[in-house]
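Residue-level listing of the chains:
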Amino acid sequence: MSVATLRLVVPGHLRFRTVAVRFIAEACRLVSGSHMFDDRTGGFQVQHPFDTAFVSAFMEIFNNIVLHAYGGTERGVIEVTASVTVGALALEMRDTGTIFDFHAVPLPALDELPEGGMGLHIARTMLDEISYRPGPPNLWRLSKRLVLPGQL
Amino acid sequence: MTASFDVQTQQGQPTLLVRGSLDINSAPRLAERIDLLLATKPGRVVVDLSALDLIDSSGVAALVKLYKGIRAQGGQLEMRGTRDQPLAIFKLLRMDKVFGIA
Numbered sequence: 000m001s002v003a004t005l006r007l008v009v010p011g012h013l014r015f016r017t018v019a020v021r022f023i024a025e026a027c028r029l030v031s032g033s034h035m036f037d038d039r040t041g042g043f044q045v046q047h048p049f050d051t052a053f054v055s056a057f058m059e060i061f062n063n064i065v066l067h068a069y070g071g072t073e074r075g076v077i078e079v080t081a082s083v084t085v086g087a088l089a090l091e092m093r094d095t096g097t098i099f100d101f102h103a104v105p106l107p108a109l110d111e112l113p114e115g116g117m118g119l120h121i122a123r124t125m126l127d128e129i130s131y132r133p134g135p136p137n138l139w140r141l142s143k144r145l146v147l148p149g150q151l
Numbered sequence: 000m001t002a003s004f005d006v007q008t009q010q011g012q013p014t015l016l017v018r019g020s021l022d023i024n025s026a027p028r029l030a031e032r033i034d035l036l037l038a039t040k041p042g043r044v045v046v047d048l049s050a051l052d053l054i055d056s057s058g059v060a061a062l063v064k065l066y067k068g069i070r071a072q073g074g075q076l077e078m079r080g081t082r083d084q085p086l087a088i089f090k091l092l093r094m095d096k097v098f099g100i101a
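These protein sequence lines are chains L and W, in that order. FYI, numbering that gives the first Met the number 0 numbers position 137 of the first sequence as 136, with every residue one higher than the one before it. FYI, numbering that gives the first Met the number 0 numbers position 32 of the second sequence as 31, with every residue one higher than the one before it.
Just so you know, the hints here were simulated from the structure itself, not pulled from any lab data. Note that beta-carbon positions come from the ideal geometry of N, C-alpha and C, so glycine has one too. Just to be clear, a hint being listed does not mean it is correct.
Said to hold, decoys possible - Chain W regions said to be covered by chain L (calculated; three or more residues, Cβ under 8 Å): (1) 14-26; (2) 58-64; (3) 86-93.
To be verified - Reference listing, derived: stretches of chain L covered by chain W, where coverage requires no fewer than 3 residues with Cβ under 8 Å from a Cβ of chain W: (4) 51-61; (5) 120-129.
To be verified - Short derived list, chain L residues pointing at chain W, Cβ under 7 Å: (6) L13; (7) Q44; (8) V45; (9) Q46; (10) L109; (11) L112; (12) E114; (13) M117.
Sequences are here, hints too, so could you generate the full structure?
In structure tokens:
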């Protein structure tokens, strides 16, 4: 059962990345109950494991859409819908950029200290579920449940 | 969520301080600083990440570039102060051991 549905639409450009990341961080905070902002300094920190995982994954997918789907040009928007429930967050991200084969992206060779190709690996590893459906619009679905003490 | 970079040198040893969010927006600026730093053939570099709040794969790539550059010159790199989300990313990518922060 959804507690809250939050929506954000931003141009598909890196200038708007910070806005989007803050939006997701706030959605995470509604699930984890964490406190991310230092009231004294205005600093922004991600410390809770749930927030860490989801924000990390989101940043990579946002980068992917801007750079690869939209090719670094501001020719479309990214629609983000966050469904907050008790103990879980489900996210949908839509774009109208170039499609790609999600399943053809190889795992990075971590032993070789790669300087690229790590983004999807981070997103896949950090989340419970991630999927991509070519469009238009292309649809990313990201979700994760909050693991409470004693549930491991 | 901006980033800032400073290089402080004490007794000939540079320390690179990275603050804020090292990501796809800020990593290119760090890469430029890394090129300048490597040009001095520093031998040993300390990277202080105690004020680094967020990192993405682009930020990791910049630090890997620094590590490889130092190693190629026969030098050493030491990372200090890694915490929270950046530490989780390094562990996920198995770079915590490479960077000596395990």
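Using a Cβ cutoff of 8 Å, are there at least 3 residues of the stretch 14-26 of chain W near chain L, or does the coverage claim fail? This one holds; 4 residues, not fewer than the three required, reach chain L with a Cβ under 8 Å.
Identify whether the interface hint at M117 (chain L) stands, where standing means a beta carbon of chain W within less than 7 Å of its own. Hint on M117 (chain L): holds, closest Cβ of chain W at ~4 Å, below 7 Å.
How about the stretch 120-129 of chain L: do at least three of its residues have a C-beta closer than 8 Å to a C-beta of chain W? holds (count 4)
Min Cβ distance, L13 (chain L) to chain W: is it shorter than 7 Å? holds, 6 Å
If you count the residues of the stretch 86-93 of chain W with a beta-carbon closer than 8 Å to a beta-carbon of chain L, do you get 3 or more? Our answer is that it holds, as 5 residues pass the Cβ test (under 8 Å) against chain L, meeting three.
If you take the shortest Cβ to Cβ gap from Q44 (chain L) to chain W, is it below 7 Å? holds, 5 Å
Please count how many residues of the stretch 58-64 of chain W have a CB within 8 Å of a CB from chain L and say whether that reaches 3. holds (count 4)
Take the shortest C-beta to C-beta distance between E114 (chain L) and chain W; is it under 7 Å? Hint on E114 (chain L): holds, closest Cβ of chain W at ~4 Å, below 7 Å.
Holds or violated: is there a CB of chain W closer than 7 Å to the CB of L109 (chain L)? Holds: closest Cβ of chain W sits about 5 Å from L109 (chain L), inside 7 Å.
Taking 8 Å as the Cβ threshold, is the statement that the stretch 51-61 of chain L is covered by chain W upheld or broken by the three-residue rule? Held - the stretch 51-61 of chain L has 6 residues with a Cβ nearer than 8 Å to chain W, which meets the minimum of three.
Using 7 Å as the Cβ threshold, decide whether Q46 (chain L) counts as touching chain W. holds, 5 Å
Against chain W, with CB atoms and a cut of 7 Å, does the hint on V45 (chain L) hold up? With Cβ-Cβ at 4 Å, under 7 Å, it holds.
Hint compliance for this structure: no hint is broken.
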